[in-house]
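Starting from the known structure of chain G, fit chain H onto it as the hints suggest.
There are 2 protein chains.
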Amino acid sequence: MEHVVLKEFENMIGSRLLTEIDDRTSYGYDGSFGQYIPDCVAQVMSTEEVQRIMEIADQHEIPVCARGASTSLSGGPLPVHGGIVLDFSQWDTKLEIYPDDLIMKVSPGVRTGDIHELAEAHNLMYPPDPSSSSICTIGGNLAENAGGPRGVKYGVTKDFVIGLEIVTADGKVLRTGGSTVKNVTGYDLTKLIVGSEGTLAVITEATLRLIPKPSDTRTAMIIFEDLYTAGKSISKILTSGVRPSKMEILDHNAINKVEDYAGLDLPREAAAIILVEVDGDPDVLVKELRIVEKALSEIGVENVQVASDKEEEARLWQVRKLVSPAVVSSGYTKISEDATVPLSRIPDMFRKIDEIKKKYDLNIVVFGHAGDGNLHPTINTNMRDPEEVERVEQAVEEIFNYAIELGGTLSGEHGIGTMKKAFLVREMGEEGVEFQKAIKRALDPKNILNPGKIFPEKGEKRLVLRND
Amino acid sequence: MEHVVLKEFENMIGSRLLTEIDDRTSYGYDGSFGQYIPDCVAQVMSTEEVQRIMEIADQHEIPVCARGASTSLSGGPLPVHGGIVLDFSQWDTKLEIYPDDLIMKVSPGVRTGDIHELAEAHNLMYPPDPSSSSICTIGGNLAENAGGPRGVKYGVTKDFVIGLEIVTADGKVLRTGGSTVKNVTGYDLTKLIVGSEGTLAVITEATLRLIPKPSDTRTAMIIFEDLYTAGKSISKILTSGVRPSKMEILDHNAINKVEDYAGLDLPREAAAIILVEVDGDPDVLVKELRIVEKALSEIGVENVQVASDKEEEARLWQVRKLVSPAVVSSGYTKISEDATVPLSRIPDMFRKIDEIKKKYDLNIVVFGHAGDGNLHPTINTNMRDPEEVERVEQAVEEIFNYAIELGGTLSGEHGIGTMKKAFLVREMGEEGVEFQKAIKRALDPKNILNPGKIFPEKGEKRLVLRND
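Residue numbers (full-length UniProt numbering), protein chains in the order written: chain G, 1 to 468; chain H, 1 to 468.
Note that these hints are calculated values from the structure, not bench results.
Heads up, some of the hints might be wrong.
Identical chains share a label here; the pair holds if one copy fits it or two copies do between them.
Stated by the list, open to error - Distance condition first, Cα-Cα at most 25 angstroms in a straight line; then the derived PhoX-like pairs of lysine-lysine:
#1 K7 / K105
#2 K437 / K461
#3 K153 / K172
#4 K213 / K321
#5 K94 / K321
#6 K94 / K105
#7 K437 / K105
Source: prediction; values computed, not measured.
Chain G with its partners taken away, still in its complex shape:
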């Protein structure tokens, strides 16, 4: 980056412009792979700053990558072509609730957990709850359209965003949507920008919608002797008439990783467990779990353990939260996949992953949001062993191909980022990718907004597991 440009940035934001190599290095990674050093980092604190930076970036064709807490598992915020990183993590100044309108307005650096807390203090709920909610920012959730366990009943981030303030590639400030849940005036830019991974515009404010907080929850753990039956149970529960608020699955490996890590008295022998939460009026919850039990007994599933109190319920959800840390703690590198399939095909997907695990002799843990068909086959691997990495590449490719074959998708909630872009054409076809690129070119003709994401670059055919 030219010195004169850096000077211009520095004049604007002073010491919030970081140019030292140590600082820049620490902005070069996220929760996925690869390390890319940006030319500079701007810790932005206002729409005006973002606007002015975009004007300069437009003029000099400088890549701009927005970044929150960088918990991304798909490489979303990585500055793969250098340029400037906009660090939004400091800009947490706006967190306003309007309880009578059931909405909240937030700046991009607000922590998702703080949004939950404020909503709950007003007896309201912001349902999206990615596992990283205690550290991630809403800006990152918006960029990647983050999900979480409550997706099965309530939907994902996009379903709770009704308005945005954005800065365009050429530095214009626009508002999309508004403060109403219903809005059909023009194209739905809000839902186009959310989940576009920072490639179409930079988000500087969001209006979120809230719902009344359910008065209670109740959780059951269902224990399975075989994985196929566990898969079949998912559709069975979802067609029983009950709408679970969470429905998560852990396979045998995931159970044992958690048990090794935290010793929570889990059934180590089980092929899988499913955790089901129902929410709403306390009088109905017991009845709803009985309906679930009855539906399951029709397919021979009898081992259903309902948490007897809040403490036990909290312990069960702790199990789910601990899967990722447990896998990480086992030492090797964790590669989290995100393949998502139609509900009735979950048993097939489980069977396939089991085959792949054996075929490539890999350590694969499967868990995920069962009620959405959103599985996280997670591979523990030694990145220093090129032969093993090769097997990982092939295994992941087979998982992707099979998910697509089943009518599913590469990514349910993590995004494409750098990690999966080589596979985009396989899901959408050349013409589908071209249709998407036409939108990208129209809104960012100089390709300065988070370049190198979503769309494969020439010749890219593989997962980005190494930065070389």
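Chain H in isolation, oriented as in the chain G frame:
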């Protein structure tokens, strides 16, 4: 249209190409205003036919307007620049349910009511329920992102579409989304195309998601002595902790129109009534309505009448369904508006509409989806009286301006179509409209997909109340 082109169409679909003036005339209107005669009409029955027609249209730059049952209130399907109308109403051949995946696949001509019936036969529910559901087609619902009373709890059409098959402006067939609820692979074309009023692509198939059908419903009618308190009650109910599945309002005029029309023993003196439905487990519904009653009594509202049986409940919802027919039957032309405001501003909007009614001496009936802030101020007017039409124009303009001032929108569920395009800039600003137009130009560079919709044409400043 050149004879050779007509011949080409005819060779493809034979007698399903309509070219006689009588036929063409009957395809020139919808539920709004204006009459525009297309050059021809193709009753399409397959993706291949649509694809071939789009190729020819692209080659000859012929405007293409997709059309379902044409119940649109905003002019969406009107062929304002002539060209070819694609009549999808005959193509109702695909109506497939996959209960274990909680999805349905439908061709564009399927009647929305048939989707409801099939879902319910499997103890499932497709929540979007526009008032015209007994006659409208899913294709039209998709184009305009139709809403309906259940929006308050479940959302609108877009929230239940997870995949599309589309034909692009240059005749390519693409699939967007898929068969999974979660999908963050690339840009969300599904949610961009739904609600884009046929201006970005032609939809040839949709995959809809379904949810378990709630086991029961219960309805209360709340009677108000003043409209302002009725408005205030809306936020009060929605923050009581209960999530109503429907919440509709009728003002004094609406009540009396229905009473004149159908004699349903409504409280003619009331300033307004609100109908509230809750759904779910029967044991909880009574309790929930008591919570609503308690919340309302805190602001002095005491007249809450809970329907004692299914018959009475059906009668109450009949009241809501009859507002439009009652207004139509009163003889003059009905102009239905669709302004939507944040929940806490509904009382202000009611007050403003009352002022406008007096100021312009107009017959305005107000009803609508109270729980979404989505009001339908509906004007009865004599279109042959130019002086009155002038007053209507001014009144509607004031309603729009005030909705925008309150943080609301021009249209909550009817769409922009021809009717409201002159006001688009007011809501989005010039730069916001330009951003949207960039998408339109990128995906339809020759402007052949439903031209003359959404975006104002040069010099357009008014409602399209007359085609002159």
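Alpha-carbon proximity context of K94 and K105, limit 25 angstroms: within (7 angstroms within a copy, 43 angstroms between copies)
Alpha-carbon proximity between K437 and K105, which holds within one copy, between copies, both or neither at 25 angstroms: neither (31 angstroms within a copy, 27 angstroms between copies)
Alpha-carbon proximity context of K213 and K321, limit 25 angstroms: For K213 and K321, only the intra-copy Cα distance (21 angstroms) is at most 25 angstroms; the inter-copy one is 31 angstroms.
Copy assignment of K7 with K105, given that the CA separation must stay at most 25 angstroms: Answer is neither: 33 angstroms inside a copy and 57 angstroms across each miss the 25 angstroms cutoff.
25 angstroms Cα threshold - placement of K461 relative to K437: The answer is within: 18 angstroms in one copy meets 25 angstroms, while 34 angstroms across copies does not.
Intra- versus inter-copy proximity for K321 and K94 (alpha-carbon distance at most 25 angstroms): neither (28 angstroms within a copy, 42 angstroms between copies)
Identical-chain pair category, K153 with K172, by Cα at 25 angstroms: neither (37 angstroms within a copy, 35 angstroms between copies)
The structure shown violates the earlier hints numbered 1, 3, 5 and 7.
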